[in-house]
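**Student:** Protein chains in written order, with the numbering used here: chain B, 309 to 506; chain C, 380 to 790; chain V, 265 to 574.
Among the hints, erroneous ones may be present.
[Unchecked claim] In silico DSSO-like links for lysine-lysine, alpha-carbon gap of 30 Å or less:
1. V:Lys484 - B:Lys438
2. B:Lys478 - V:Lys484
3. C:Lys470 - C:Lys615
4. B:Lys458 - V:Lys504
5. C:Lys672 - C:Lys542
6. B:Lys358 - B:Lys458
7. V:Lys448 - B:Lys475
8. B:Lys438 - V:Lys335
9. V:Lys439 - B:Lys478
10. B:Lys458 - V:Lys448
11. V:Lys321 - V:Lys399
It is worth saying that the hints were derived from the structure and are not from the lab.
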Amino acid sequence: MRFPTKALRLCAGLLLAAPPLCRAAESSGGAPEEATLEAPSGPLNIQAEKPPFTEGIFPCSQCHDRAGDPNPRTLAFHDDIQASLHHGPPSRWCLDCHDNGKRDFLHLINGRLIPFTASYELCGQCHGDKYRDWRVGVHGKRVGMWNGQKTYFLCVNCHSPHSPRFKALKPLPPPVPPQDQGFTATPLAAPAHQEKSP
Amino acid sequence: MGMIDFLAGAVRQVRTGGKTYKGWVGILLAMIAVGLAGYAKQWRLGLIATNMRDQVTWAFYVGNFTFLVGVAAAAVLLVVPAYVYQWKPMKEVVVLGELLAISALTMCLSFILVDMGRPDRLTHILPGLGSPNWPSSLLAWDALVLNTYLVVNLSVAVHILYKAYRGEAYAKWFVVPVVLFSIPMAVGIHTVTAFLYNGMAARPFWNASILAPRFLASAFCSGPAVMIILFQILRKTTGLEIKDEAIWKVAELMAYAMFFNLFFLGAELFKEYYSRTEHLLYTEYLWSGIGDKRALVPYAWFALGASVVAFLLFLIPRTRRNWFTLNLGAVLIFAGVYIEKGMGLVIPGMTPDTLGEIYEYRPTVNEWMVAVGIFGLGGLVFTLLVKIAVPIMQGTFRAPDAAPESAAVAH
Amino acid sequence: MNSHRRLPVLADPVAPEASESRRRFLKAGGAALAALAACKPGAVVEELTRRNFKEMKPEDLRALLARLEKKYSEEYGKAVTVSGAGPMRGVNFAYGLDLSRCIGCRRCVYACVKENNQSREHPQIQWIRVLQMEKEHGVDLAHSTPYYNPELVPEPGHFYMPTQCQQCRYPPCTKVCPVKATWKEPDGIVVIDYDWCIGCRCCTAACPYGARKFNWAEPKLPAAEMNPVTHYLGNRPRQKGVVEKCTFCIQRSRVGRYPACVEICPVGARKFGNLLDPESEIRQVMDRKRVFVFKQELATEPQFYYFYAT
């Protein structure tokens, strides 16, 4: 039985088509929906992890009910984010990505609104090569079934959008070098004294 | 039945002897006991009782095995003059070479056995019961040729000795073809062992075409050195007649082998040092160390010095015929080849390892104990075989109903 | 909206557990076979007269798996399954490793150890070895070390290259094994029958990538940490005196799952999939990026590809 490449291609196509479909629905002028990425039906669903919001911060419109001052300035609230904002040139400003009028959305250069669940489209605007790689799984991480249902991670699941550079990690311990492998007579005992070579 | 008498007589032979003999056998038995104690610990704990690790996965045991295959192959240095050139002085002593080969092979097989992680699964290499990997695995080949060579030597030696015991001429139709067959077999066992190393592209130090020729050349230096010394000991202790010319001829043939041994080494060194690729690293580790990792360096230079001095001593007829310098040369070349072909071959092949790591291996006390035990075993096998063979060769161990006019090991 | 289970996040090194239904099925099947095996006399004789795995009849293999499940379950005090799943048709696995992403954090090493039941100490066996290289020298083993231990990784001026079994198309290890205890499966994985291996370590000597590890002593595997979902040719508990190595998590990949190292990598440096599927991540890597293989001059033709995504 041949591997179902055709089905795969179909579902991949559906996945890639889904975001533009969502956007199309929005830009037609309807009420902004809290759109989540609808997984295409079929055997090869590829699902997204939720955007990593701080507890209680979303929807933004619970505070921001109207457009605010668009000029770059020091903020009183969200000052912690502003202090750690390190994404591109020093002139980077919140409203470069966050939509002023509709705070529950992000926006592209051309003004098109992007829901947070599809924030990768915004990232992809500048980081096109990474976006293309991410769409086919070359960039970023996927878990699950290599021949079936996968879960992919949004850009923001790994890269904080405000400070996207990947943080250094503490490495796990190095391997035991051969001269210290030693031996012990009892399993799981604390390392007995090692026999010294002559 | 003649065979039963022979065996009973043989047992009598090995049980009787003077103080020296009994003392010597006592030492060998003590060595074997030490070996058994060491192996018992290894059996219980696993090979972790050695200092071998993934980085240096073959070491002392395999090094000894490799050297001893050479000693076993060297019996051919006696067989060729004796049976191909029908040279009488050699014909009288050739069976001793075969007995040495048998002892060496016993040691070889023992070293393999103690190096295996699962010796209880030895049957897996047998056809029928197991699944030997023909024809691609060199170790499967080695198992075949080593055991065939053992059978060849055993059958010829036992036949000749038994026939002499009975005062009868040995069956030429059987002995001559089998003995002549043992010549390519001797070359074969050592070539196969060389190919075992040679075929590994992962180990550039071994992956050199010259390895098989080097193995043969060094085999023909080291094995006969043992025989030269043994012949002199046997002459003194048993009164067995071994002509000086036989010993000197062996030494002369060894001189040619030593030349090739040194020449091949020189060829290797030129290639490594002149082309100066990444592969030089392994040769460098052996001869000059890498950084502060220099464990093998003194041994490498000692082995080279010993081999050169031995070559000169054997080359010059005057020193070759002088018993002191001859024996000195024999000891030196034996030591030199033991280092060069044992640890001096196996360890640099694995250091640095395939991922560039340098783990300096030294045998543990346990490994020494097991090795001592196996050398004791080989020594015991040889001693007992010689204790049976020499009286037969001298005519003092005869079947009760043997023909009266039987010469010592008639040819 | 589809409900989705809790997903592994960056700080969580535990691999997702097997699906419930599959486990139940295997448990039931295993129990039935175990009961059958218990009724059969001469199981010990069978053990002693066992054939090479590739020569076994299917019913003998099933009986063997059942015996092993019973044995391991008793030994580790949990319900252990031992699968004998064969390769999927139309599948040839390949692995991709993004050297521009790996930061040398070693989470893959320890995820592998947990998933595949390696000996934890005396000896400590790790199928993956991460080499720290110097940017100045490139991929140069003489200037590499696996023993780096800084506060944070990546360290400036260095890059990291994890190594594991490359599942070569022309494996030097299978060539030299004297008893055919190791061979290459049709889906690309080079496997070892731990019950057939004689521990001669020819394969370890022949492997150019340091992939093969030997059980120098009885493996130390704490029962609490034992992964009970095993494969006969993969992560079932081994014994003293046999060789083992990465099997692309055969117990996972043959049921469609990613290997543990792929799932744990926090930077997404590891790619895995079916080379014969043009949509797979690994094929996408090969189409879009420049891949190279380790020690290419040895012509082993690994199914493990390194690349730089940037």
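**Student:** Check the structure against each numbered hint from earlier and tell me which ones fail, lowest number first.
**Tutor:** 1, 4, 5, 7, 8, 9, 11
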